Amino acid sequence: MWRDFRSSSTAMGGLAITLLVLAAVTVGAELMSYSPTGMSFTTVLRPPSWAHLFGTDSYGRDVFTRVLYGARVSLLISGCGVGLALMLGSLIGMTAAYFGRLYDLLVMRLMDLLFAFPAFVLALFLMVIIGFGVVNVTIAIALVYVPIFARLAHSMTLAVREEAYVQAARAMGQPPLRLLAREILPNIAAPLMVQASIGVAFGVIIEAGLSFLGLGVQPPTPSLGTIMADGQEYFRRAPWVLTMSGLAVCFALLGLNLLGDGLRDLVDPRLRKRAT
Amino acid sequence: MKTIQFILARSLGALATILVGALAVFLVMQAAPGDPALAVLGEHATPEAVAAFRAEHHLDAPLAARFLVWLKGFATGDLGRALTIAGGASISQLIANRLPNTTFIGLYAIFFSVGLSLLIGSLAAVSRGKLADTAVTSIAALGVSMPDFWLGYVLIFFFALNLAWLPSYGFTGPFESLQGALLTGLLPALAISAPMTAVFSRTLRTTLLESTQRDYVTVARSFGFSQPFVFRHYVFRNSIIPYIVVVGLQIRYLLGGVVIVERVFGVPGIGSLMVDAAFARDYPVVQACTVVFLAIVMTVNLTVDIVCAVLDPKRTR
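Residue numbers (my numbering), protein chains in the order written: chain A, 418 to 693; chain D, 55 to 371.
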């Protein structure tokens with residue numbers, strides 16, 4: 418399988434970019450000579466240069482350093498949100514498909530209802546209810562993604578449920594929950610992982626959007642959205658803050674999306690091969 | 055006749071979903087912390103003022119009664135007044151004023167996405183091979199990686215600030231001046247459509263390639279039918295249906311883009327209304343906007359279902 422992965426240029430490219438971004442965000446951020454919150458009123462709003470790769474913002478802070486720290490926050494939020502949604506959604510979808518009947522009907526109808534709301538509108542609505550802040554944005558992203566994972570896990574479990582090995586396990590008397598974990602879950606994990614990697618990318622966009630509007634992460638905590646919000650205020654005078662931080666977001670998300678696409682190409686033909 | 059039955063059934067289903075969704079929104083809103091009376095009048099308001107406010111807005115009536123009154127409001131067009139937005143204007147008036155703008159920008163964006171993706175997708179399908187594959191995947195991935203509002207600002211920077219071809223802020227409604235709307239709405243629509251175009255192009259390319267590789271296409275060509283004939287009668291319908299389904303699915307994300315882009319470009323639409331209301335803790339307005347968005351999504355889904363049913367009657371099962 419690793420050989421297949423290696424031959425896919427999109428997957429390898431995506432993996433390379435993602436690893437680079439992760440390295441920059443964890444280790445690289447610490448190596449920067451500037452502090453993300455260190456203000457310096459002598460170097461306010463400087464354009465990009467070798468000293469300040471992305472320039473400085475209105476408080477004289479180095480934008481590149483802020484972006485690295487902000488990306489850390491954004492990726493953490495999105496990663497945790499999607500991870501939470503993955504666990505909860507898969508559980509809901511799998512159990513609904515396996516146990517069926519009324520539970521299935523009710524639960525999947527609820528998922529359909531959640532799915533009917535536009536993603537960002539749902540997140541926005543939730544922020545109004547539970548308030549702003551890092552944890553709440555994570556919850557909002559999780560809520561947006563639970564129905565997606567639930568529906569995916571549900572349809573996959575329905576397909577796998579009738580397979581011979583599942584029937585055999587049931588005949589052997591394996592308890593249902595263990596059956597779900599040991600027989601079904603490994604066989605539906607791949608598409609879920611693909612969806613998760615794409616989900617983290619979109620989660621970052623949701624978080625950036627919420628924070629940009631001022632309804633997500635609150636300053637002074639740096640996140641990709643709050644940095645872009647800062648840049649928006651001075652856009653005419655200093656367009657580089659918004660533009661460069663946005664480019665950084667694009668780069669990071671490009672890695673995640675390419676990785677997801679590569680994984681998806683890997684997963685689909687394998688499924689088709691297994692069916693024949 | 056089966057098609058008409060199908061359409062009716064789907065329409066009822068959509069309506070039911072909107073009703074249940076409205077109920078869910080209403081109930082969840084009630085759980086929001088904070089007393090709207092205090093939020094509007096301030097923490098130092100006198101008890102009499104608070105009581106008067108609550109009486110005026112029927113905040114003490116039982117839950118079921120309040121929900122039914124609110125629901126009726128959708129039908130009769132009276133959703134009550136905003137708590138703080140626009141000096142307490144009628145919510146339905148606010149929505150009625152802004153809905154055409156949001157719808158216009160949304161349709162404009164769909165127009166761009168579908169149009170551009172039909173072009174790009176077909177071109178990409180015609181030129182097969184590893185390079186085309188990688189190129190299309192990379193462009194598609196890039197499109198999806200861009201935050202809409204960031205792209206909006208980049209477009210503003212180039213086209214409005216530097217080249218001064220287009221205005222950078224504000225929006226003329228389509229009923230005031232269609233030309234003005236097309237001009238001021240161009241940049242917002244482009245910003246929203248970028249990720250959509252990427253996804254649609256890739257989908258069209260995939261479906262086109264899959265369709266042309268089918269056996270019946272080979273057979274048709276071996277009969278001597280011309281390429282355009284084969285395309286129109288064998289390939290088009292089969293590839294366009296999954297494409298339309300994907301378009302419908304993406305509306306969820308497109309509407310999200312509309313909300314932020316409206317803020318960026320200063321378009322007075324439902325999205326910016328919702329954001330303003332969110333800041334002002336104006337719960338009734340947020341509630342109404344959420345349900346309006348739900349209704350838009352359900353309408354689009356219904357339209358997609360109907361179009362697909364017309365194109366492929368097998369779907370009416």
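These are computed hints drawn from the structure, not numbers from a lab.
Computed from a predicted structure; not experimentally measured.
Virtual Cβ for every residue (Gly too), placed ideally from N, Cα, C.
It is possible that some hints are incorrect.
[Unchecked claim] From the derived model, a few chain A residues whose C-beta atoms are all more than 10 Å from chain D:
1) 477
2) 508
3) 594
4) 635
5) 659
[As the list claims (entries may be wrong)] Each pair of labels, with its calculated beta carbon distance range:
6) A/587 / D/161: 23 to 29 Å
7) D/281 / A/610: 37 to 43 Å
8) D/364 / A/464: 53 to 59 Å
9) D/59 / A/516: 49 to 55 Å
10) A/439 / D/101: 26 to 32 Å
11) D/150 / A/454: 54 to 60 Å
12) A/465 / D/234: 46 to 52 Å
13) A/454 / D/180: 35 to 41 Å
14) D/281 / A/466: 54 to 60 Å
15) A/610 / D/86: 47 to 53 Å
16) D/62 / A/587: 39 to 45 Å
17) D/364 / A/530: 39 to 45 Å
[Unchecked claim] Derived list of chain A stretches under chain D, where covered just means 3 residues or more per stretch with a C-beta under 8 Å from a C-beta of chain D:
18) 480-494
19) 619-633
20) 646-654
These are the hints, each one checked on the structure:
no.: 1; hint: 477; in the structure: 22 Å, holds
no.: 2; hint: 508; in the structure: 21 Å, holds
no.: 3; hint: 594; in the structure: 30 Å, holds
no.: 4; hint: 635; in the structure: 13 Å, holds
no.: 5; hint: 659; in the structure: 5 Å, violated
no.: 6; hint: A/587 / D/161: 23 to 29 Å; in the structure: 51 Å, violated
no.: 7; hint: D/281 / A/610: 37 to 43 Å; in the structure: 40 Å, holds
no.: 8; hint: D/364 / A/464: 53 to 59 Å; in the structure: 56 Å, holds
no.: 9; hint: D/59 / A/516: 49 to 55 Å; in the structure: 32 Å, violated
no.: 10; hint: A/439 / D/101: 26 to 32 Å; in the structure: 56 Å, violated
no.: 11; hint: D/150 / A/454: 54 to 60 Å; in the structure: 46 Å, violated
no.: 12; hint: A/465 / D/234: 46 to 52 Å; in the structure: 37 Å, violated
no.: 13; hint: A/454 / D/180: 35 to 41 Å; in the structure: 53 Å, violated
no.: 14; hint: D/281 / A/466: 54 to 60 Å; in the structure: 56 Å, holds
no.: 15; hint: A/610 / D/86: 47 to 53 Å; in the structure: 35 Å, violated
no.: 16; hint: D/62 / A/587: 39 to 45 Å; in the structure: 41 Å, holds
no.: 17; hint: D/364 / A/530: 39 to 45 Å; in the structure: 27 Å, violated
no.: 18; hint: 480-494; in the structure: violated (count 0)
no.: 19; hint: 619-633; in the structure: holds (count 9)
no.: 20; hint: 646-654; in the structure: holds (count 3)
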